[in-house]
Structure formats: structure tokens, C-alpha cells
Amino acid sequence: MEARIILQIQIPWNPNRQSSRRPSLHLPRSFIRASSSTSQKPRSYKGPKPSTNLVADFISSNDDLARSLPIYVGGASLLAVLFNRTVSGIAPVADASSSQSRADLLALGLAVTNLLTGLVWLSIRPKSITPVNPEGVDCKVVDSDLPVSIVSELLWAWESLKVATCCKSLVIVYNGICLIQIGMVAESPQDKKRVIVNTDKLMQGSVYRGVMKSKAQSYLANLSLYPGRSELAFLPANTQAVILQPLGDKGIAVIGGNTIRGFTSSDQAWISSIGEKLDATLGRYFIDSAEGSRENY
Amino acid sequence: MSIRICNLPFNSSFAPQPRARISSRRSTRVFARTENDTQQQLNLSVLRFTFGIPGLDESYLPRWLGYGFGSLLLLNHFSASVPINEPQLRSEALGLSLAAFSIALPYIGKFLKGSVVEQRTLPEEGEQVFVISSNIGDSLKEDLAWATYVLLRNTSTIAVLVSIQGELCVRGYWNCPDQMSKAQLHDWFKKKVDEIGLADVKETLYFPQYEGSSASWDILPNGTRSLFVQPFVQDINEQQKMNGFLLVASTAGYAYSDKDRAWIGAMAEKFRG
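Protein chains in written order, with my numbering: chain A, 1 to 297; chain B, 1001 to 1273.
One or more of the hints may lead you astray.
As the list claims (entries may be wrong) - Derived DSS-like pairs: lysine-lysine, alpha-carbon spacing no greater than 25 Å straight-line:
1) A:Lys127 with B:Lys1192
2) A:Lys140 with A:Lys162
3) B:Lys1270 with B:Lys1259
4) A:Lys277 with B:Lys1270
5) A:Lys49 with B:Lys1202
6) B:Lys1202 with A:Lys162
7) A:Lys162 with B:Lys1270
8) B:Lys1259 with A:Lys49
9) A:Lys140 with B:Lys1192
10) A:Lys250 with A:Lys193
11) A:Lys250 with A:Lys140
12) B:Lys1190 with B:Lys1141
13) A:Lys192 with B:Lys1191
14) A:Lys140 with A:Lys213
15) B:Lys1259 with A:Lys162
16) A:Lys215 with B:Lys1191
17) B:Lys1190 with B:Lys1202
18) A:Lys49 with B:Lys1141
19) B:Lys1190 with A:Lys49
20) A:Lys277 with A:Lys250
In short, the hints are calculated from the structure, not lab data.
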């Protein structure tokens, strides 16, 4: 694998550099260099700690209010300009003759800019979709023949997906074996226990074949619209979004989420990277174990 | 019925609605033409316009208008006849505060949900390096190579440094002396990291505006605007876990959103043991 991950990284150059003015944060500088160079334990960290940005925190937590703030500011200034005119007895006539009128016109122009910006911000508000709790049983089933290193890698993949995305279920099938079935799983109506993954049925189904043929990740953003949904019977019935990640050409990872369109494009990129890694690890293990069993004959 | 797989879930006006959810009544609209009949909220997307000049970002328009109108206001003030009456002063004060608010609007807009993140740019000077310590096993070297590659590809990182119990893996653009062999570079980085004392960091550090803070570590390339440090051990009781940290830097400001930081934390978990 070292041969493939090579030293030259082609990072795309983007000439669109945005340079905007930012207020700088002033922190007391307390950088002390310790003089001893032979100490074994790590030198303590004396650099600065990041300060909290109150504006950013306020806006992130009060998104709706912040979006409509320019509208209120613009509207209030419009009224204030008119009020100023009436109070001071000058007729509200919009001509540019006196400097009072000019100042008023400029203020009005700025108020209208604010109003329109507020309206634009309202129009680009992302739709908030509520997550749907998956119905099923919580389970954690890992194939018992796997070595500890593989199991820990699979569990690491599950933990990362659980923490960073809206994933609630994960099933990995490789070489015809269901390696791991973890998270929320559909409950079988007969015995109230988890639905076991029928790998033969899955691998003969159109979902699996389509993904294997295209060799690319497939993102079903709204699972209820998808006709092949019945082949993924092991997922909870109300799973909202599914990502099908092929692991090379021998396996598939089925990742179920609880929000429609809940996986962002960054999530998709990360999931395909993890899929490549898992394929490399699992592929090597299965080749080694196949060679090992062949040597025994 | 068409199913569109939407890679950008933030665009509310143009998301297709499934047939089952179409309601029979028309939604109220500000203007006649809309993209989607089933919107239940006011469709204000017609207000968005563009000059069509590539490279010109219209979200900065309030800032330019603020500067322009503010300077016109000042010009008006100084060219007026000297006894300026009070109503005019009030108007001008109102206008100047509106101009200041307009100038700040793009900055505020950056923190709203769904705002576009800046793209990274590559540093003009400096070269790419890729250094892995020779004291670690092959499988760990592979994991490190993969993890650093993925971090550079999937986030707007230009420089990444992973330290596992003192042994380093460094990749990307760094401000290091050239003409050094890999082993010498590794020791050089190790010395610098020890000087800063990064191995002792106990909690995650995120500097979204690195150039404004008082941190100035000379190993980072010029133009670094965001910095994120994720230590492995966060609990002093977990002594049996591997010690170390993961450092990523980017030339874009506010480069690491919550989701990016969650993924970087997941990468750090891999090496935690």
C-alpha cells in the first residue's frame, strides 16, 4: 500500500482567494522557552489558548434571529429617517438639493441594502430536517473468526461514523460473510430479535449488483423513495438515508442514517476513504488466511 | 417520479419534494415565477442576483456599499455650510452607524448555517514534505500514510503532523529547511515540537484566525489561517492508551467546521490504541 500512497500530493490550486477583513483577537502572549534540553518528560505547553469568539457563538446558536437582524435594522432606520424629518419640520421630499436631503438619501440607501441582505439570508436558510429515530433493536454482532486487529478496525469505523455523521446502523459484508452488524437493526416480528443479514439474498439483489458494477458509492438520500428497499430488510424500517459503499470488488458496507439527505458531501468523501482502507485491510487478511489454509493441505 | 440524489443538502429552495407530499393549496409567493410550486414558505430566491462577473463575490456587496455610502456621507458632511443643523447631524449619525453595520454584514454572514467555506490556497513558498519516523512498525506506517493522505484530501488542510509517543509523521507544506535528509528533518521537527511543548496539550485547540492570535510557531508555513490540534489522551487516567497528538493547519480561515473536527477526532481515535 505504500507504493500507492505516494509522496507527491496533487492538491488542486484555487486562485479564488477571499481576503476579508477580520477583527484580530488580542491575547496576552505568554511564551516561555524552557532551557533544559535533556529532560525526558514532555515540556509543558506554554503557548496561547484559543479565545472564544462571542459573535460567532451568538450567531451560531441564534441562527434565525441573526438572519432577520438586518431586516429589523434596515426597517428601523427607514422609520427613523422619516421620523427625523417630520420631527425637525422639514418636508419629507426626496431631492438632492440640500445636504440634509443628501444625507437622508444615503442613509435610506444603506437601509435598503440591509433589508435586501436580510431577505437574501432568509431565502438561503437551509431546511432543517428533523431526524427520525430508527425503530428496531440495538445490536453489536461481529463475526467471531476475525482477529483482534480487524475487529478493532471495524469498531473504529463504526465509532467514527456514529460520532461524525447521522449514521445509526452499519453492516459490512465481505467475501460473502457478514463481518459486522452493529447499531440499530430491524426487529423480526416472529421472535422479537434482530433480523440476521441474509448475505446470499443481499448479494443476488439488484442493490448489491448495481453498486458492484458501478464500483462507486451510492447515496440513497431518501430511502422511502427507493424501490430496492426491500433488499435491505435488516435495516430498521424507517431508516431515512443509506450509503452503499463498495469495498473493492468483494464487499459492501451498508450505512444507514436517521435524517433524509443527512450525509453531506464531506461525509461521502470520508466514507469512501474509509471504504478503501477497510478494503485494503480486509483484502490482505482474507488473502493471507486463504494462503494459510492452502498451505495446510 | 424522479429521485435526485442531492449532494448539497443546504439549498432549501431547490430540493425536490416527493409526490406524496404535494399539498393542493398554492403557497404564497412574493413574485410570480417560482422554481417549485410546493414551497410552503415565501420564495425569496428571486431577490438573489449576480452581476455575472466571474470571481466577484456578491456576498461582499453590503461591505462595498457601506464603504462607498459612508465615504459619501463624510464628504457631504464636510462640504456642507458650517452651521450644520441638528437634524442633519442625526441623519448622518444614523447613516454612519448603518454603514458600519453593513461593513460587518459579510463577517456575520460567515457564521450562519449553510455559508460557503473558503477554499484553501497553496502557499507560495515552501515545498511539500513527507517524513515518517523509522522507529515504528510497518502497519503503523501504513496507517499514518493513509490517515495523513486522507486528511489532506478530505479537508482543507495543507499541513498535517501526527505524533505517536514522540515519533512523528509530517506531511504537506511546512516551513522547514530544505537540503536535509529525511532523518535529519524528522529530528528537526521533533526538536521544534518539543520546544512548543505540543505533546503536553490536554484539550483540543482550535485557532480559526491563526494570524490574529498570539500563537506564532515558525514551523507552520506562511499564510496559515486555521490551526487545529487534537491530542490523543484527554483523560489523565487513561495511561495505557498511546500518547500523542494530531495537528492540522490550513490556509483558509474558519476552515474546520464542527463536522470536520468530529472527523479529525475520529482519525485521532485510530491511533489512540
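- [ ] Against the earlier hints, flag every one the structure doesn't satisfy and list their numbers going up.
- [x] The structure conflicts with hints 1, 9, 10, 13, 14, 16 and 18, although it agrees with all the remaining ones.
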